[in-house]
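K.L.:
Counting from 1, one number per residue, gives the positions in the sequence shown under this note's numbering.
Don't read these hints as lab results, they were simulated from the structure.
Among the clues, some could well be false.
[Unchecked claim] Pairs of lysine to aspartate or glutamate, EDC-like flavour, derived with a Cα cap of 16 Å:
| id | residue 1 | residue 2 |
| --- | --- | --- |
| 1 | Lys-204 | Glu-166 |
| 2 | Lys-127 | Asp-144 |
| 3 | Lys-170 | Asp-144 |
| 4 | Lys-130 | Glu-120 |
| 5 | Lys-105 | Asp-124 |
| 6 | Lys-105 | Glu-131 |
| 7 | Lys-170 | Glu-139 |
| 8 | Lys-105 | Glu-240 |
| 9 | Lys-204 | Glu-240 |
| 10 | Lys-105 | Glu-186 |
| 11 | Lys-105 | Asp-187 |
| 12 | Lys-204 | Asp-177 |
| 13 | Lys-265 | Glu-240 |
[What the hints assert, rightly or not] The following label-pair restraints were derived from C-beta to C-beta distances:
| id | residue 1 | residue 2 | range |
| --- | --- | --- | --- |
| 14 | Asp-124 | Glu-158 | 36 to 46 Å |
| 15 | Gly-274 | His-185 | 38 to 48 Å |
| 16 | Lys-170 | Asp-80 | 20 to 30 Å |
| 17 | Asp-54 | Lys-273 | 30 to 40 Å |
Here a beta-carbon is modelled for each residue, glycine too, at the ideal position from N, C-alpha and C.
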Amino acid sequence: MEELKVVYAEYATNDAESASNSTEYKFQTFSLSPPAFINTHHAQLASGVASLSDATMRLFLVRHGETVDNVANLFAGSRDSALTAHGVLQARRLAAHFAERVTIKHFFSSNLGRAVHTAEAVLDAQKCAKELKLVQLPELREKDFGSGEGAKFGSGVEHEGAETAEAMRKRIDRFLDEHLVPMFHEDNIVCVVSHGIILGVLFKALCARVSSTTAAPNAQPESLSASLVRPTWSNTGYLEAVITTLPENQKPGSDLRRLQMRIDKINNVDHLKGLKKTRGGIGSSKFDAKQKTMDSFFKPTARKRKAEDEVVVSR
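With the hints as constraints, model all of the structure from the sequences given.
P.N.:
So this is what it looks like as structure tokens:
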């Protein structure tokens with residue numbers, strides 16, 4: 001099998017909530033040369049899947065909708081920047097997209113409002129929404145930029161006290177060990193709504209824990225090499241992956257079960273096709289949840305797309 005290289009966003013020169021243009025990131029490239037045994041550091045993963053029957057996890061790693069700080073070009077990691085009116089529309093489009101295509105069983109999100117509100121929109125659109133629960137976790141919060149929080153891009157402000165890469169890896173390991181890994185015992189469809197940088201950390205951690213990582217031919221733009229994976233996240237963009245156990249003839253001689261991951265989509269924003277931001281600054285304004293949305297004026301089956309794509313905001 002050809003070696004798959006993953007180009008990973010270690011940190012951003014811009015805000016973690018910036019657009020997904022890959023030139024805004026400093027990338028660290030690491031190679032995944034299958035077969036690679038599960039690291040003993042992650043013993044819980046090995047023990048957690050050792051006696052399992054074959055199972056498949058379909059995993060969606062989603063970035064939240066557009067925020068006020070995105071529009072203002074401010075560093076926003078741990079500060080709770082609100083969704084814009086356009087960000088709410090993005091979340092609704094994503095929710096409808098998933099509702100038509102997949103039945104999600106488990107939802108996780110950062111406990112920051114922009115991620116929570118995006119995840120809630122997706123959850124509420126699911127057919128079995130009443131049976132679902134959104135698990136909000138501090139482990140999925142964005143990188144804390146320390147004294148750089150709220151600073152303008154290019155302002156030259158030093159980020160004193162900013163969270164380190166090691167600290168981010170540790171909390172992502174906690175999320176994997178305590179929440180995601182236990183779900184490998186049966187078929188599952190999981191949605192994780194979080195933030196640009198920490199999603200990159202999570203993706204890298206997943207790659208390090210599975211035996212092999214491959215990418216579907218159409219997972220990313222044709223301009224990128226098939227052997228190079230460059231995960232990025234636009235607002236409400238998502239990475240879709242499928243994690244399975246290896247076939248019997250490829251498993252190691254020990255009792256450890258081995259996992260493989262296939263990446264099917266990278267930064268998928270098909271749901272945003274045709275969505276335009278309202279002019280005059282309205283689309284970039286903070287969404288006011290207390291205001292009625294325009295869809296309250298329409299019946300559920302009437303003018304459906306217009307109802308999804310219009311909101312009232314306070315100026």
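K.L.:
Taking the hints in turn, state whether each one holds.
P.N.:
Here is how each hint holds up against the structure:
For a cut-off of 16 Å, the pair hint linking Lys-204 to Glu-166 stands: about 13 Å separates their Cα positions. Between the alpha carbons of Lys-127 and Asp-144 the distance comes to roughly 35 Å, so the proposed pair goes past 16 Å and is violated. Between Lys-170 and Asp-144 the CA atoms are separated by roughly 14 Å; this keeps the pair inside 16 Å, and the hint holds. A hinted pair counts as satisfied when its Cα atoms are at most 16 Å apart, and Lys-130 with Glu-120 qualifies at roughly 12 Å.
Restraint check: the Cα-Cα separation between Lys-105 and Asp-124 comes to about 12 Å, which is no more than 16 Å; the hinted pair holds. For the hint linking Lys-105 to Glu-131, the alpha-carbon distance of about 9 Å falls within 16 Å, and the restraint holds. With a C-alpha separation of about 9 Å, the suggested pair Lys-170 and Glu-139 falls inside the 16 Å cut-off, and the hint holds. For the proposed pair Lys-105 and Glu-240, the alpha carbon gap of about 15 Å is at most 16 Å, so the pair holds.
Of the supplied pair hints, the one linking Lys-204 and Glu-240 holds, its CA atoms being roughly 14 Å apart against a limit of 16 Å. About 11 Å separates the Cα atoms of Lys-105 and Glu-186, which keeps this hinted pair within 16 Å; it holds. As the CA atoms of Lys-105 and Asp-187 are separated by approximately 10 Å, the hinted pair is consistent with the 16 Å bound. Among the hinted pairs, Lys-204 with Asp-177 is consistent with the structure: their alpha-carbon atoms are about 15 Å apart, no more than 16 Å.
Taking the CA atoms of Lys-265 and Glu-240, the gap is about 5 Å. The hint holds against a cut of 16 Å. Separation of Asp-124 from Glu-158 is about 41 Å and conforms to the stated range, judged on CB atoms against 36 to 46 Å. In this structure, Gly-274 and His-185 meet the distance hint of 38 to 48 Å, their C-beta atoms being roughly 41 Å apart. For the hinted restraint 20 to 30 Å between Lys-170 and Asp-80, the CB-CB distance of approximately 22 Å keeps it satisfied.
For the pair Asp-54 and Lys-273, the beta carbons lie near 36 Å from each other, so the given range of 30 to 40 Å is met.
Checked against the numbered hints above, the structure violates only hint 2.
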